[in-house]
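J.: Residue-level listing of the chains:
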Amino acid sequence: MEALYALCVGVLTTCGIFLTLRGRTFPVVMGMTMLSYAVNLFLFASGRLTINGPAILGFSVNYADPLPQALVLTAIVIGFAMTAFVVILAMRARADLGDDHVDGRAPDSSETPKNQS
Amino acid sequence: MMQHLVVLPILAPMLMAVMMLLPPLQNTIYRQRIASFFTMLVMLGIAILLIITSSEQTQVYALGGWQPPFGIVLVADRLASMMVLLTTVLGCGALLYASAGDDNLGMYFHPLFLFQLMGINGAFLTGDIFNLFVFFEILLIASYALLIHGGGKQKTLASVHYVSLNLVGSSFFLFALGILYGTLGTLNIADMADAASRLEAQEAVLAKTGVLLLLLVFGLKAALLPLHFWLTKTYSSASAPVAALFAIMTKVGIYSIFRIHGVVFGEEAGLLANTALPWIWPMAILTLIIGTIGLIGSSSLKVLTANLVLISVGTLLLAMVIPGGIGLGAALYYMLHTTLVSGALFLLADMIGKQRGKAADRFVPARPIQQPGLLGTLFFLAALAVIGMPPMSGFVGKVMILQAANGTSGMIWIWSVILISSLAAIIALSRAGTNLFWNLCGDKSDELASSQLQIIAVVLLLACSPLLVIFGAQVTEFTDTAARQMLHDYPTIKAMMNAGITQ
Chain A
9 MEALYALCVG
19 VLTTCGIFLT
29 LRGRTFPVVM
39 GMTMLSYAVN
49 LFLFASGRLT
59 INGPAILGFS
69 VNYADPLPQA
79 LVLTAIVIGF
89 AMTAFVVILA
99 MRARADLGDD
109 HVDGRAPDSS
119 ETPKNQS
Chain B
90 MMQHLVVLPI
100 LAPMLMAVMM
110 LLPPLQNTIY
120 RQRIASFFTM
130 LVMLGIAILL
140 IITSSEQTQV
150 YALGGWQPPF
160 GIVLVADRLA
170 SMMVLLTTVL
180 GCGALLYASA
190 GDDNLGMYFH
200 PLFLFQLMGI
210 NGAFLTGDIF
220 NLFVFFEILL
230 IASYALLIHG
240 GGKQKTLASV
250 HYVSLNLVGS
260 SFFLFALGIL
270 YGTLGTLNIA
280 DMADAASRLE
290 AQEAVLAKTG
300 VLLLLLVFGL
310 KAALLPLHFW
320 LTKTYSSASA
330 PVAALFAIMT
340 KVGIYSIFRI
350 HGVVFGEEAG
360 LLANTALPWI
370 WPMAILTLII
380 GTIGLIGSSS
390 LKVLTANLVL
400 ISVGTLLLAM
410 VIPGGIGLGA
420 ALYYMLHTTL
430 VSGALFLLAD
440 MIGKQRGKAA
450 DRFVPARPIQ
460 QPGLLGTLFF
470 LAALAVIGMP
480 PMSGFVGKVM
490 ILQAANGTSG
500 MIWIWSVILI
510 SSLAAIIALS
520 RAGTNLFWNL
530 CGDKSDELAS
540 SQLQIIAVVL
550 LLACSPLLVI
560 FGAQVTEFTD
570 TAARQMLHDY
580 PTIKAMMNAG
590 ITQ
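Here the protein sequences line up with chains A and B, keeping their order. Positions 9 to 125 (our numbering) are the ones given, in order, by the first sequence. Positions 90 to 592 (our numbering) are the ones given, in order, by the second sequence.
Check before you lean on any hint, since a few could be wrong.
Okay, derived cross-link-like pairs now, EDC-like style, lysine to aspartate or glutamate, Cα gap no bigger than 16 Å in a straight line [as the list claims (entries may be wrong)]: (1) 244/B with 104/A; (2) 322/B with 111/A; (3) 242/B with 108/A; (4) 242/B with 107/A; (5) 447/B with 535/B; (6) 244/B with 111/A.
What the hints contain is simulated information worked out from the structure, not anything from laboratory work. In this text, all values refer to a predicted model and were calculated from it rather than measured experimentally.
Please work from the sequences and hints to get the whole structure.
T.: Written as structure tokens, this is what we have:
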């Protein structure tokens, strides 16, 4: 289970970092979303993976660490708010700058789409 | 009331900011301004009280009465209270300036401003590293909104970069926290310092990765090279009061590096001792060099000031890595000086820029400004302070840092880069002053003169510089004690937490 879990986090992080390094805002936003998924899974695993381990005393002999679960909840909420903000900002940038490139215009002018707005 | 003092610098701005979103204050900028000033005055009182109580004894406050290290604690030692006071003073200046009209360019300036102050104060006061993350996010989301406040192409573009970078930074922060929790088993900062010294060898490599990831995150916030590219653009495109307030944002990163990498994973951290030091050392020198080059190449006063911020970041981190922590007291004094003066310079750049009309604050010939005498004098004083010329506080700060470095192994590097950057600052600022005030063409511009509030704001921030010199003995004594306390006080804080001297 650990290997599969680690592989998932690794693939998500790789994809996330690759996408955040792209030039247009949409892949960048997608990349950040993937990074935040990866980070949530990773935080969850920081309390070690246990099967059938409740986080409340008195239900079982082995317990799961409750703190990472609380941390993940916080991280999900914050990540969600930040993603919402960055989506709106990306749309605003598209409207203000007339292009969805992160620098406001593509570096090579032949790539720039005709400004139709 | 007094035992809850530690939490008030966070609660006061939060409550007022929420109230501003409700009917009696909502949509009336005058009422919001008065409410903001009222809050700032209250916060000033709280910050001074906090300094008085925390210099007697470090205050540990368990939020909700949960037993640390499981619950979250706030720790107000001398350093934290000093930073809260610094934030409040800078906030007063920025708010006064904004109330002259910049707050009316868009909605919700005042609530956002107060939320930002809440986040900054929280980041300084918290004693729990996950809570530090939460306060970072609060100050960041407020800063995103403040940065784009007023709108315009430049601001949008700078925002896209700033927000994307910081979101990736936040993800790395969480990765680092996950690693550290997995290896050390705690997130309470005082407890971490204790756990780090008892770490087993097999976990040390993983923990080191976590510590260095944290350096990456704090370095991004502090604009440490090579993570500094966002700074110039962001600071120069933000509106003036926001840029002035942002002068403390890089210091939040530096403060965290001081605490986490200087102390928790510092000399006494067992296997993790001084993990980050070999990285900070060359990066700080390079930051100073790049800042110096940027200073010479700046095309406008705002960009120049942003580069001065970069130089101050390099100087502060260099002072921190002087062996034995003897430069920390000087660094804290310099931090007080540089934050207030660069804040004042951002405000001045905006005043000068507005009076020059189309040329703004760029170094090109333009029409003469309305108040050359007044603004010229203020600019001259600010320049003296920021370069580090004798009657002002920059001089004292730099001399103390150089003195601390005297005789240490890195002395040649520290002395040469700091002195060369000061020389470059003299050249760049004299060129700036000459261009802005004497390189004229055409008639006097018909722009409005700066309002009283704006001038008061700049004078308030600049006046702190000579005050820091006049009360130099007391201030340096305070910063030295604060530095010593920061370096050696974690066992005491942990003991206090365990004894439950809380609530």
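J.: Each hint: holds or not?
T.: Hints and how they fare:
1. Taken as a hint, the residue 244/B and residue 104/A pair is honoured in the structure, with Cα atoms around 10 Å apart against an allowance of 16 Å.
2. About 12 Å separates the Cα atoms of residue 322/B and residue 111/A, which keeps this hinted pair within 16 Å; it holds.
3. Taking the CA atoms of residue 242/B and residue 108/A, the gap is about 13 Å. The hint holds against a cut of 16 Å.
4. A hinted pair counts as satisfied when its Cα atoms are at most 16 Å apart, and residue 242/B with residue 107/A qualifies at roughly 12 Å.
5. Restraint check: the Cα-Cα separation between residue 447/B and residue 535/B comes to about 11 Å, which is no more than 16 Å; the hinted pair holds.
6. The straight-line distance between the Cα atoms of residue 244/B and residue 111/A is roughly 12 Å, inside the 16 Å bound, and the hint therefore holds.
When each numbered hint is compared with the structure, no violation occurs for any of them.
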